[in-house]
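S.K.: Residue-level listing of the chains:
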Amino acid sequence: MKTSRSREVRPSGWYAAPLVMFFALFAVLPLGLVFYLSFTNYDPLFEPQWTGADNWERLREDTNAWDALWRTFLIGGICWAVQTPIALLIGVWSAGPQKNRAVLSSLFFLPLLMSTAAIALLWRRSFDVHAGWTATLPVIGDLDFLGNPDIVLYTVVFAVSWQYIPFHTLLYQSAARTIPGVLYEAATLDGAGRIQQFFRITLPQLRYTVITSTVLMIVGSLTTFDTVLLLTDGGPGQASRILPLHMYITGFRGFEAGYASTIAVVLVLLGALLSLAMVKVTGFRSMESQQEGL
Amino acid sequence: MRNTRTRLTAAAIGVGLLTSLAACGDDGGAGDASSIRIWALEDGVVNEVQTASIERFNEGSDVEAELQVYANDPYKERLRTALGSDSAPDIFFNWGGGNLKQYVDAGSVRDLTAVFEENPEFKEKFIPSVLEVGNIDGKYYGVPARGTQPVVLYYNKAVFEDAGVEPPQTWDDLMALVETFQDEGVTPIALAGSQAWTELMWIEYILDRQAGPEVFQAIRDGEEGAWEQPEVLEALTMLEELIDAGGFGDEFASVGYDEGGASSILASGDAAMHLMGTWEYTNQLGESPEFVEAGDLGYVPFPAIEGGAGDPSNLVGNPANLYSVTEASGNPEAAEDYLVEQMASDEWVDELIEIGDVPVVVGIEDKLAETDNADHATWLYDLVLNSASFQLSWDQDLPADEATLMLEQLTALFLGDQTPEGFVDTMAGS
Numbered sequence: 001m002k003t004s005r006s007r008e009v010r011p012s013g014w015y016a017a018p019l020v021m022f023f024a025l026f027a028v029l030p031l032g033l034v035f036y037l038s039f040t041n042y043d044p045l046f047e048p049q050w051t052g053a054d055n056w057e058r059l060r061e062d063t064n065a066w067d068a069l070w071r072t073f074l075i076g077g078i079c080w081a082v083q084t085p086i087a088l089l090i091g092v093w094s095a096g097p098q099k100n101r102a103v104l105s106s107l108f109f110l111p112l113l114m115s116t117a118a119i120a121l122l123w124r125r126s127f128d129v130h131a132g133w134t135a136t137l138p139v140i141g142d143l144d145f146l147g148n149p150d151i152v153l154y155t156v157v158f159a160v161s162w163q164y165i166p167f168h169t170l171l172y173q174s175a176a177r178t179i180p181g182v183l184y185e186a187a188t189l190d191g192a193g194r195i196q197q198f199f200r201i202t203l204p205q206l207r208y209t210v211i212t213s214t215v216l217m218i219v220g221s222l223t224t225f226d227t228v229l230l231l232t233d234g235g236p237g238q239a240s241r242i243l244p245l246h247m248y249i250t251g252f253r254g255f256e257a258g259y260a261s262t263i264a265v266v267l268v269l270l271g272a273l274l275s276l277a278m279v280k281v282t283g284f285r286s287m288e289s290q291q292e293g294l
Numbered sequence: 001m002r003n004t005r006t007r008l009t010a011a012a013i014g015v016g017l018l019t020s021l022a023a024c025g026d027d028g029g030a031g032d033a034s035s036i037r038i039w040a041l042e043d044g045v046v047n048e049v050q051t052a053s054i055e056r057f058n059e060g061s062d063v064e065a066e067l068q069v070y071a072n073d074p075y076k077e078r079l080r081t082a083l084g085s086d087s088a089p090d091i092f093f094n095w096g097g098g099n100l101k102q103y104v105d106a107g108s109v110r111d112l113t114a115v116f117e118e119n120p121e122f123k124e125k126f127i128p129s130v131l132e133v134g135n136i137d138g139k140y141y142g143v144p145a146r147g148t149q150p151v152v153l154y155y156n157k158a159v160f161e162d163a164g165v166e167p168p169q170t171w172d173d174l175m176a177l178v179e180t181f182q183d184e185g186v187t188p189i190a191l192a193g194s195q196a197w198t199e200l201m202w203i204e205y206i207l208d209r210q211a212g213p214e215v216f217q218a219i220r221d222g223e224e225g226a227w228e229q230p231e232v233l234e235a236l237t238m239l240e241e242l243i244d245a246g247g248f249g250d251e252f253a254s255v256g257y258d259e260g261g262a263s264s265i266l267a268s269g270d271a272a273m274h275l276m277g278t279w280e281y282t283n284q285l286g287e288s289p290e291f292v293e294a295g296d297l298g299y300v301p302f303p304a305i306e307g308g309a310g311d312p313s314n315l316v317g318n319p320a321n322l323y324s325v326t327e328a329s330g331n332p333e334a335a336e337d338y339l340v341e342q343m344a345s346d347e348w349v350d351e352l353i354e355i356g357d358v359p360v361v362v363g364i365e366d367k368l369a370e371t372d373n374a375d376h377a378t379w380l381y382d383l384v385l386n387s388a389s390f391q392l393s394w395d396q397d398l399p400a401d402e403a404t405l406m407l408e409q410l411t412a413l414f415l416g417d418q419t420p421e422g423f424v425d426t427m428a429g430s
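These protein sequence lines map, in sequence, to chains D and X. Numbering of the first sequence is given in full-length UniProt numbering, commencing with residue 1 and proceeding in unit increments. Numbering of the second sequence is given in full-length UniProt numbering, commencing with residue 1 and proceeding in unit increments.
Among these hints, one or two may not hold up.
[To be verified] Which chain X residues face chain D? A few, computed with CB under 7 angstroms, are given here:
1. ASP86
2. ASP162
3. GLY164
4. SER254
5. GLY416
[To be verified] Facing chain D, from chain X, some residues (calculated, C-beta under 10 angstroms):
6. PRO120
7. GLU121
8. PRO289
9. GLU293
10. ASP401
It should be emphasised that the hints constitute simulated quantities derived from the structure, not laboratory data. In this text the structure is predicted, and so the values were computed from the model without any measurement. Every residue gets a Cβ at the ideal spot worked out from N, C-alpha and C, and that includes glycine.
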């Protein structure tokens, strides 16, 4: 038949069925359940009891949660500010053709191959005031990286950055490689220096990559959890307790799964709002073009 | 984008699907009569002894027992979710006290009183004060399943000799020692302050020595205004004085208990004292054998407090860990048989002693005296036999949410971010 022939080349809606099913089963359903639980008093030992908006009231007054939220954004912001320039510069540099760069960048990407748990434990041991190797360094060695409430946030930023800069570098590297060489040739003929070329050609060409990388970092910072759990466990005191960790401790150590679900809902909403806002600001088309092939 | 969203959802699922997650990946739930499943903590040496006892049981029984082990924190989560679902084990390891009481209140734990009554010779084998940890509202819900682990004060004899001082017998001695060791350039007390349970040991003992065990009993029984008893504030203030005096140095917040932590600070002589559970001895033996073999690891009970109401023989810590049987068990008789046959048997006791444990059965003085570490083991055994009371660690004795809040308040107090008054107010308002 005519219609079926014309549709032959395009996958029918049914092709998406497995995906939709999985999404419903593993995303929509649990999310709905969490939303329901956020209105209950739920200890896994007993059946959930409906308590109305009690958990939400409690969240409003829970200064620990608000502090944790602030810390979450703070870590996210600093991480972005630290990682973006470094990843951008190294990415652009390693996109070059020279052989030594290939060797160096393959070394540089090593953290990508390590599990988060290994990275967190590595730095936990390294920063130990008594037994870590950083304690033997001059000046730096006097700092209590994990035990000083004023320093610990930066220690977290350092560990997270150490882990993720290579990933973002990879993004920038591959994007920088797609910039047509003729642009640089023309610029050189016009007498533009390297710095000028970077700001006039490279950076504008990489703007969508900057956006993608930023969205990944900001939304990712909302879910950073494993690194902090293993590196500091939110300590000292609560100095590095971020919101996802606050949720975990409430739910799995205090066994207040109902209230923890309330925090989970807030996290989901924040993540969704943030990524929506960023897409809105930067335009859907730019997002789409960057998503291609992923 | 995709990655991030999955992680976000995973976090949500983590909390939302507690029960279903726990149900996943279980090889057959309880309710199966042909086998009994035993859940315990992952601990290589102990697990070997447990496996041996299970093999002995399986030889003489047509029911097959099997052991499943988990790491400490995941175990607590898993157990709680499993007890509320169909995937509960038949026998589970626990710490007794308020924690077990919650499970009992939820109707998940089997009453073992009749088992003890029918087997009086079995009951009489256990040290009575330890057996009471499994006693909830007059009924027994657990059988002691491991060695006793009170908290005691370890010290570095070499460091004490260098300073020309003796281990503390009273609180005033302790405060004076803090000053002495500061002058010597030694951290007076090693503290693994990145983990709140190490800090907890201090307030547990101070309150007990100062006011007696009744004050905390009122708190754990959930009596109205129990946190606001004046003795609690008094004890917290004494602790604050110790912290402010620099008793723990100023770098404790980043020290952990695991390798490279507080134990090695004591062994290296950077610190003079360390308040810790008696597993510290085994730990030191493994991590710093030369320190123990040189005879430099000293141990004394927690100092008395002059004029305090608490008996200086009182102990805090883990009286013993327990095995309890679940209501959901498909074959509770077999589970009970296993406990009665194995938990006081000669083989079990001998093997525990061999790995350095001090079992909580009576009349094993001679056996302990023959071990490699007889001095420590015999001292510890006498300490427990002669203790007037043995308080279970507060974080195990309180409901989980209250315990979590208390530990948070305690770390804040140690960091100077919370006052004793603020601590009491927060706990009273919870």
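S.K.: Does each hint fit the structure? Answer for all of them.
M.R.: Quick rundown of the hints versus the structure:
no.	hint	in the structure
1	ASP86	13 angstroms, violated
2	ASP162	20 angstroms, violated
3	GLY164	26 angstroms, violated
4	SER254	3 angstroms, holds
5	GLY416	9 angstroms, violated
6	PRO120	33 angstroms, violated
7	GLU121	35 angstroms, violated
8	PRO289	18 angstroms, violated
9	GLU293	22 angstroms, violated
10	ASP401	4 angstroms, holds
The structure fails to meet hints 1, 2, 3, 5, 6, 7, 8 and 9 from the earlier list, while all remaining hints are met.
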